[in-house]
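First to last, the sequence lines map onto chains A, B, C and D. Position 12 of the first sequence, counting from 1, maps to 12 under our numbering, and the rest follow consecutively. Quick note: to get our numbering, add 103 to the position in the second sequence (first position is 1). Quick note: to get our numbering, add 269 to the position in the third sequence (first position is 1). Quick note: to get our numbering, add 471 to the position in the fourth sequence (first position is 1).
Just so you know, the hints here were simulated from the structure itself, not pulled from any lab data. Because the structure is a prediction, the values reported are computed rather than measured. Hints are supplied without guarantee of correctness; some may be wrong.
Straight line, CA to CA, 30 Å or less: simulated DSS-like cross-link-like pairs of lysine-lysine [said to hold, decoys possible]:
#  : chain 1 : residue 1 : chain 2 : residue 2
1  : C       : Lys339    : C       : Lys443
2  : C       : Lys361    : C       : Lys339
3  : C       : Lys443    : C       : Lys361
4  : C       : Lys355    : C       : Lys441
5  : C       : Lys354    : C       : Lys443
6  : C       : Lys284    : D       : Lys525
7  : C       : Lys443    : C       : Lys350
8  : B       : Lys126    : D       : Lys627
9  : C       : Lys277    : C       : Lys361
10 : D       : Lys525    : C       : Lys339
11 : C       : Lys441    : C       : Lys350
12 : D       : Lys627    : C       : Lys277
From chain B, some residues computed to sit far from chain D (all C-beta separations above 12 Å) [claimed, not checked]:
#  : residue
13 : Ala113
14 : Asn127
15 : Ala132
16 : Leu133
17 : Ala165
18 : Ser189
19 : Ala194
20 : Gly195
21 : Ile198
22 : Val205
23 : Ser215
24 : Glu220
25 : Val228
26 : Val240
Don't be surprised by glycine CBs; every beta carbon is placed ideally from N, CA and C.
Residue-level listing of the chains:
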Amino acid sequence: MTPLASYLIVAALLFSIGLAGALTRRNAILVLIGIELMLNAANLNLIAFWRYGPHPEALTGMMFAIFSIAVAAAEAAVGLGLVISIHRHAHTTDLDAMNRMKG
Amino acid sequence: MSIAFYLIAALTVAGGLAAVLLKNTVHCALALTVAFAGLALFFLQLDAQFAGFAQILVYIGAVAILVVFAILLTRGSETPKDGVFSRNWLAGLVIAAGVFAVLGWAVLQSVSVLPHETAAPTVTVLQIGNALMRRYVLPLEIVALLLTAALIGAVIVAMHEKEGAR
Amino acid sequence: MLGEGILKGLSETIKNFAGSFVSAERLTTVQYPEQRIAPIEATRDFPFLVYDGADWEAGMRCVACQICEKECPPKCIYIVKSTDKKPDAVGKPQFYPARFDIDISVCMSCQICVEVCPFEAIKMDTEFELSTTDRFGGLLLDRKQLAKSDEYYHRIHPTEADEVDACLAHGKAKTDAKTTAAAIASAVRGAETPARPVEGGV
Amino acid sequence: MIETLDQIFVLLQHWLMGLLPAGLQPAAGVVLGVVAIVCLFPALFALTTVFERKGLARIQNRIGPNRVGPLGILQPIADGIKSLTKEDIVPLSADAAVHFLAPLLMVVMVFMGFAVLPMGRNMVLVDMDAGLLFFFAMGASTELSVFMAGWSSRNKYSLLGAMRAVAQMISYEVPLLMSSVAVVMIAGSLSLTKIVDAQNHYTWGLPHWYIFTPWGLAGFLTFAVAATAETNRSPFDLPEGESELVAGYHTEYSGFKFALFFLGEYLAMFSISGLGTTLFLGGWSAPFSFLGWVPSWFWFFSKMMLSIFVFIWMRGTLPRLRQDQLMNFAWKFVLPLTLVNLMIAVLWRFLGEGWQRWVFCSAILLFAYAGMGLAGMRRGHFGPRRYRYAE
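Working from the sequences, and respecting the hints, build out all of it.
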């Protein structure tokens, strides 16, 4: 197996773990944690492709990863702000309990 | 592959698994930081120093702290009595397994065409800065705008009801 | 201007820092076991029992009236009254404490025992180095350990001791005067009507 | 001779490496450097604790510890023996694993920061291209250990202290980074050795340290404020405010684990002082060109210890801030000032040589400082305490 393939497998595994977490946990914060893991797996893919790609000096993959890190930080801030807001409104972060469209 | 790769991979995957499986939410957040640290080590192994340090600074220094703050603010550290997994956890697990199967199959199918070991590129921070300021200046500005919007948005979303109650 | 107070404070502390090296009178503390500050006169910590004369057991002013035992808020005084009477310093037969214990680990130095004592027998000490390795027995003082001479009392609290002496002398003078007056009166009465028996003196 | 003295530690390392077979030499070099750092800074920590106690005592017109050894110099040894032999208490309801990991993580993360500090000419463990970023990444990780300590103790004071500490460290990390960015912009590098090299030249015998420029002075002051808050030192020691929170996040720690936290705090102080020295005070370069013969590592450590003295001095002077004053100060005064300072640094870079840039930059900075300070004072964000009900 080439090094790139093993990185890709690890990234795929991490992505699936994150997806499973996001889909199966009840707590909204845990869902966000799962999404963060998925984003990170994608970052690993980007960096691995950059490193073993044909033109590493162009920095495309690395730039993509850096921007993705910045975007993920924004996503986490807004997501957790939403969770806190929902908790204040509904007094729970259990997603199964939030089954109504009405506030 | 070197031993270091397997060690880091084991650390990262174990951290990720613990983050989605543990009962206590704060433990999940701490396990998540282990996964983040493992990923940062991966970045260092892939000669992406800058991205690795940025990963530690942003994810461990900010996102993980944000997550634990959110957990404590929402009293999420108490384990709920009716289980931590949602009602349709089986469906979620099947979907995730399916996604992994597809991804893994795709990777294994393309092993033969994937490039082999290449020479390590030397990337200085100066090059990254130049790239950010020349070729990627538009995305940089957009990210700056997005971060500002996110900052204001997060503040407004989290503060809104308190202002209304006053 | 902004930050001026911080600079002022910093200059003040650096003055202290440097000054404490050059002038010894700046130093507010003493090197305790070697250097000691004499206690001020009103110092008080734990009670002790005053005795007159040379023999602590004979000269004990305490007559085991047990008022202090009753008044003590934390109940740290324990007294056993004697069954017999012994002559006190002036030769008058009195009860005396067969046991007089003060648990100084309980005592709160309130001085109430001193206030209520009608015989000026219990006073406050200035001795504070009482630490022992035995926290039960070592801190329970019996009457021998508590007994301190009148001279010691005069040494640690001179003004207060003089007042007490004056008060005692005054009381004694009053009683003396009463006894003498009664004696004279009875003598006079006896001279007038020798047949009547002598009435009680005091 | 002078050259040898300057490079004595480097030569020592090379000599020790030469004793080993060639294959082991690179690894041995790193191990030797790590061992040197791991031995030196805790020793410095021990000395600093006794100097801090004696310095504070002198500020309060006392003598300070003087019983153990001559002038009390052996006091840290006595303290060390005491904390090592004390019972290690873990609360029954505590999260044992996290409770155990928190002090270790803290000390390890703080030690990592020393790896990129140039402590003398050629004396840097890893000359990283992104050294400053590495330093801040490691510094950011200590926040998590503080949270872990506070949360795992299951004690309200610990948790409150930890939340205060984390909020404070996050708030002051922004001005800390921003004031360093000004230096990075002027020096054109994230590598700490290159930053020192950029400051290590002289005109008329005087050095080109960044603190001797308007933006550098402002940057240094904001950096110092942020560094004091980042290391939880007085007057920003709210996380450990003993009048409110017993001992903050290490309330439930005793014995050796408490000693590790104590060590971690002081090491953080050393590393942030070293960073400030490197960024603004010319690192290991001599203050005058005629003093160039003095070994470079001497200058680094004396500058570092001087900043430690200032830390102690401030601790002996300033009263503790209130939580709202702390946050207002960070977000409404220090952060805007660092942002203005970034602009000033740009201006400085593009105004070219000459007296104009000195005047312009100083004037704008003074105006910003006075304006923001007075506006904040008038709105009561910081400044003297006002009581609503009592006067």
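Hints, verified against the model:
Restraint check for Lys339/C and Lys443/C: satisfied, since their Cα atoms lie roughly 28 Å apart, inside the 30 Å limit. Straight-line distance between C-alpha atoms of Lys361/C and Lys339/C comes to about 25 Å, which keeps the hinted pair within the 30 Å bound. Between Lys443/C and Lys361/C the alpha-carbon distance is near 16 Å, which keeps this suggested pair within the 30 Å criterion. Pair hint Lys355/C plus Lys441/C holds up; C-alpha atoms about 19 Å apart against a cutoff of 30 Å.
Only pairs whose Cα atoms come within 30 Å are accepted, and Lys354/C paired with Lys443/C is accepted, the gap being roughly 24 Å. The hinted pair formed by Lys284/C and Lys525/D meets the criterion: a straight-line CA distance of about 15 Å does not exceed 30 Å. Between Lys443/C and Lys350/C the alpha-carbon distance is near 28 Å, which keeps this suggested pair within the 30 Å criterion. Among the hinted pairs, Lys126/B with Lys627/D is consistent with the structure: their alpha-carbon atoms are about 22 Å apart, no more than 30 Å.
For the hint linking Lys277/C to Lys361/C, the alpha-carbon distance of about 72 Å lies beyond 30 Å, and the restraint is violated. For a cut-off of 30 Å, the pair hint linking Lys525/D to Lys339/C is broken: about 50 Å separates their Cα positions. For a cut-off of 30 Å, the pair hint linking Lys441/C to Lys350/C stands: about 24 Å separates their Cα positions. The straight-line distance between the Cα atoms of Lys627/D and Lys277/C is roughly 37 Å, outside the 30 Å bound, and the hint therefore fails.
With a closest Cβ-Cβ approach of about 18 Å to chain D, Ala113/B is found to remain outside the 12 Å limit, as its non-interface label requires. Not every C-beta of chain D lies more than 12 Å from that of Asn127/B, the closest at about 8 Å, which undercuts listing it as non-interface. Look at Ala132/B: its CB is around 9 Å from the nearest CB on chain D, not clear of 12 Å, so calling it non-interface is violated. Distance to chain D contradicts Leu133/B as a non-interface residue, since its nearest Cβ pair spans about 7 Å, not more than 12 Å.
Its closest Cβ contact with chain D, about 7 Å, brings Ala165/B to no more than 12 Å, contrary to its assignment away from the interface. Non-interface status of Ser189/B relative to chain D is upheld: no Cβ of that chain comes within 12 Å, the nearest being about 25 Å off. Remark: the non-interface label on Ala194/B is consistent with the geometry, its nearest Cβ contact in chain D lying 33 Å away (cut-off 12 Å). Annotated as non-interface, Gly195/B keeps its C-beta farther than 12 Å from every C-beta of chain D; the closest such distance is 28 Å.
Consistency note on Ile198/B: stated as away from chain D, and its beta-carbon is indeed over 12 Å from all of that chain's, at 32 Å minimum. No beta-carbon of chain D is positioned within 12 Å of the beta-carbon of Val205/B; the least distance is around 35 Å. With a least beta-carbon separation of about 36 Å from chain D, Ser215/B lies farther than 12 Å from that chain, consistent with its non-interface assignment. The beta carbon of Glu220/B is kept farther than 12 Å from every beta carbon of chain D, the shortest such distance being approximately 22 Å.
For Val228/B, the non-interface assignment is contradicted: its Cβ lies about 5 Å from the closest Cβ of chain D, within the 12 Å cut-off. At roughly 16 Å, the least C-beta separation between Val240/B and chain D is larger than 12 Å, which holds for a residue marked as non-interface.
Consistency with the previously given hints fails for numbers 9, 10, 12, 14, 15, 16, 17, 25, ordered from lowest to highest.
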